[in-house]
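Residue numbers (this note's numbering), protein chains in the order written: chain A, 13 to 619; chain B, 2 to 247.
Everything hinted at is true.
Computed list of lysine-lysine pairs in BS3-like fashion (alpha-carbon distance at most 30 Å, straight line): (1) Lys61/B with Lys175/A; (2) Lys61/B with Lys220/B; (3) Lys231/B with Lys220/B; (4) Lys125/B with Lys175/A; (5) Lys132/B with Lys175/A.
Derived from the structure by calculation, the hints contain no laboratory data. This structure is a prediction, so every number in the text was calculated from the model and none was measured.
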Amino acid sequence: MSSWLDYTINGLIVGNVYALVAVGLALIFGVSRLINFAQGSIYLVGAYIGWVAVVQLHTPLPLTIIVVAVAAAIVGLIIERFGLRPLQNSVRIAPLLATIGISFVLDQLVMLTFSPNPRALPSQLPDVRFQVGGGTIGPLDLLIAGVGLTSALLLFVFLRYSKLGWAVRATAQDRDAAMQMGVDVNRVNQAVFGIAAALGGVSGMLVGMYYNQIDTAMSLQATLKGVVAEVVGGAGNVPGAVIGSLLLGLVESYGVAVFGTSYRNLFAFLLLVVVLVLRPNGLFASARQAPPEPLTGTFIAPSRPVRIPRWALAVAAGGFAVLPLFPVSFYVLQTLINAWLLGMLALSLTLVAGTIGQVSLGHAALLAIGAYSSALLSLTFSVPVGLAIIGGGLMSAALGTALISPSFRLRGHYVSIATLAIGEIVSLVILNWESVTRGPIGISGIPPLSLFGYDLISPTSIYWFSFAVMVVLALLQGRLLTSHLGRSFRAIRDDDIAARAYGLSLNRYKSLAFIFGGFAAGISGGIAAHLYSYINHETFNTQQSILALTVVILGGLGNVVGAIVGSVALVGLPELFRIAAEYRILIYGIVLLLLVRFRPQGLLGTI
Amino acid sequence: MTNASAEPLLALTGVNTFYGQAQVHFDLSISVTRGHIVCLLGGNASGKSTTMKIILGLVKPRSGEVSFDGASLLGLSTPQIVRRGIASVPEARRLFADMSVRENILMGAFVRNDREAIAQDLDKMLTLFPKLGQRLSQRAGSLSGGEQQMVAMARALMSRPRMIVMDEPTMGLSPLYVDRVLELIRTINQEGVSVFMVEQNASLALEIAHEAYVLQTGKIVLSGPARALKDDPRIRDAYLGGSEAA
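Chain B with its partners taken away, still in its complex shape:
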C-alpha cells in the first residue's frame, strides 16, 4: 500500500458494491494521504466512476467502510458529505447550463454563509482562471469544453474543500487545455487541497500524481507511488485488459 505514516485523509476499506446482482467492487481499499494527489486508473467499466459516487454518497456500498478525516461517511447524504469538506468535479463537468458562469461558480459556495469571504474567493478564482473574467455573465452552457472545465474546477474550489474528487478531468479536452488542467490541479494541490482523481489517461495522470491505484473489473490490481508505476509494464497490461491474472 502507500507509505502513509499518519492517518489518511480519505480511506476506503474493504468496499463491496453491487448494482442489482452485478458486483462492481471487490474488496476495494484505497487511501488518500493528506496533501497528496492520488489517482485511480482504469479502463471502461472498471468501476472508477462508481468509486467517485461511493465517496460522494451517490451510491451506497453493500459492505466496507468509507471514512474521511477519521469519521465514517457511510449513512451521510451527499450534501452532508460536501459539508465535511469534499468537493467534486464531476465527469463531463456537469455545469448548470442555463445559469451564468458567475452563478455556477458561486453555486460552489452553496454550503458557506460568509458572504464577504465568498466574494474574495470569487476574485481569487478569477486570478487563478483569468479567462473566466470576461465570461462571468455568459450562460455556462455556451462555453467551450475547456472553459467549462475551468468553471467546474473554480466551482469545486469555492467550497474551500479539504479534498477535491475529479472524474476524468481531461476527458474530451483539446491538448492545449489538457496541459493547462493538469497544471491547475498541481497548483490547487500545492495550496493544500488533497486531490483524488479518476483517469483513463494513465501517462498524463501519473505525471502529477503522488500515488496511484489501478482498478480492473472492480479489483485493485496495482498500486504504489506514481513514479514507480510510470515505468511499470503491467500498467499497459491492466489497461488493455489483456491479462486477467495481473
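So that you can see chain A by itself, here it is in the shape it has in the complex:
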C-alpha cells in the first residue's frame, strides 16, 4: 500500500469492522446504561467459530457468516440471561464488573480450547485486487463493506419499523415509561444482546479473514476499539457509533501512514482521551442530552465493614513477620512475596476505586511507570536501588496523576474507560519511545534489590523487605482513611455534587488520592523491576489491572485489610491447590463473577 487512497480505503474497511462492534455496544449502552466489556470476547468467539466452520466443517462463506452470527447471538443471550439479568437490582458497578468477569472467562475458555497460538482463517475469496483510481480494492474489502452496510440497513429498518425495535428505542429513552407502555424490558435486553453479539461475532470473523490470522489477544483490543468508537460517537448513539468507528479507522490508518504500524493503537486511545476530555457526550451529542450518568453513591455497594480487633491484626502481622524463621519452603516465600507486591497495588486501587470511587481499569500503568523509572534510575544514573524505588514511587505518583487529571471531571463508567485508555497509552508510549524505554526489547540486567549497600538476594530478605514496605503503606493508608482527608474522599465518592456544594475541590482531592495511590503502586512496580531483573512493555498489562480490581472487590472496596487479605487469597489459593497457570485467569474471572453476584461488598465489607 502506498497511495493515500489505499490508506483511506483501509481506514474505512477497518472502520466498518469497528462499527460492527461499536453499534452493539451502543445498543446495549442505550438500553441498559452498561458498557459491555465482554463485547470483545464475543468477537473472539465469533472468529474461532468462523475458524471451526471454515477450516474444519468447510462451510461456504454465506453459511459461515450465518453460523457465526447465530452462534454468537446465542452466546450473547446466555450472557444476558445468566450473567446480567440476576444483577438487575444490584449497584451500578455490578453489571460492569460482571461483563469484565465474563470476558475473562470466555477468553480463557477459547484459549484453553484452541491454544493461544495464532491460527490462519482463510477467507475463501479469490485473492485478486481491482484498481480503483490510484488505489486497489479486493473482494474481502467489498465483503466487509457489504456486511457493514447491510447490517446498518437491517438495524435501521429494525429500529424504525419493527415493534421490538420501537421497544428498544423507547427503553433507551425512558426505561420506566417504556415499562408503563407494556414493554417487557427483559425481552428488549435479550434483543439487544442478541443483535450486539451477532454483529460482534461476524466482525471478529471478518477481521480474522482480513488479516488471515486469529489469536486470543484480539478480544481486549476489540473491546477497546469498540469502546473508543462508541464514546467518540456518543455513548448509546447508534448512528454516532458508526461514524465514530469510521473516523477511528481513518485516524488510525492515516496515523500508521505517517508514523508506522506500532502507532496504530496510540492514535486510537489519544482520540478517545481527547474526546472524553473535550466532549464527554461524544462528537454528535446535542446540548439537550442529559450529562452522562448522574450516578453517585450507588456505584459502590454500601455495607458495614467487618471489624477486626487491632490485636488480631497485630498478631497476624507478627505471624507473617516471623514466618521465614520457620522452615518454610522457598516456594511459600516466593508466593507470599508476590502477594505483598500485589497487596501494594491493591492498596493503591482500593483507595482510588473504593475510597474516592474512581474505578480504575488501567492501574497496571502505575506499576509500569514505577518499574521503568526505578530500573532506569538505577541503570542509567547509578542511583542506589533503595532510592531508585522511592524515585519510581514518586514518578508514578506525579506522572500517573498528571495523566489521569484531564479525566477528573468524568464520572462512573467514563472514569473506567479513561483509565483503561490511559493504561494502554502508557504501555504504547513505553513500546514506542525507544530512546528512553528501549522499546520492544525491554530493559534487562536491572540490578537486584539492595538497601544501604546490602544486596537483598535471599528469599527471606526479599520477603521481609516487601512485607515491611507493604505494612508501612497499609498503616499510612489506614491513618489516611480515619483522617479528615479520608472523610472528604468518601464524601466525594458518595455524592460529588453535594461534596462540591460543601466546598470540596474535586480536582484537588482526586489528585491527592491518585498521588498517594500512584506512590504505593509505583513502589510495588519498582520492587518488581529489581526482583524480575527484566521488564518490557507487556510485563504490566491489563490483566494485572483486572486482577488488582478483583482483589480489591474480594477484600471489600476501600478496605485496607481487605486489599491485603484479597491479595493473599488470590495469589495464594491457586498455589495451594496447584492450579495450572493457564487456568488461573479463568478462576479469577469466575471469582469476580461470583463475588459480584453473591457478595458485592467483598469478604471484609466496603468502607
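Following the hints, complete the assembly by docking chain B onto the known chain A.
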C-alpha cells in the same frame, strides 16, 4: 369510605410500603369505583407518587393487597399490569423525547396487535387533541409542556385502558392548559375510563373528581365525596401539614 355499592375497580387494602428502613405508607386503603374519577391529594413527601408506583408494579409493598377488577396485581410485572387495562400518565409526562409525536402516541398501543383499530384510534386522538395533528412528525421533546401533556394523555388512551392513573397532570402547565387538561380528563372519564389521579392542587382536582383521599405522611387522613371535601377546612390543614392529629 366511599359509597361504592358494587365491587370497586381498583382496591388497595392495608398497604404498607418501605424504602429501606423508612416507612412510606401506613395501612393505606384506597378504592376506585368503576367509572369514577378518584383523586389522591397530598403535599410533598406524603407518599402520593409511591402510591402510583405501587399500582403500576414499579414498587412492591411489604404487606397489603392491590387488586384490579377483582384480581390481585401483586406479583405481576409492570407490563403485565398494563395488559390488564391500566394505562399511566407519569409525572412530568416522561415522553420518549427523541421519538416523534406519532411514534409516542403509537407506543401507547404497544400491548395491542389490532393494526386497523390502532390506526382508527390514532385518528380519534387527533380529533380529541386537534393540536397534535400538525405536530405528528416532530420530536416529542421539542413540544411545549402543555402539548407534551396532550401527547402523554393520548399515549395512555391508545392502550384502550379501563383505568388511567395520572401523576400530577397539571404540574408545570400554564393556566390555559390546566383548564384544558382538566376538561380532557372529564371527557375521557365520560367515555367510560376510570381515572385515578394524584394531585397537589386540591381545589382544581376536587372540581372534577367524584371521590378524594387526602394523604399525609403515608396515612389517609381524610376521604369522601369530592363535593363534601371541597369545603372542608381540614383540607387546608392537611395540606400545610400543620396539624399532625388531623
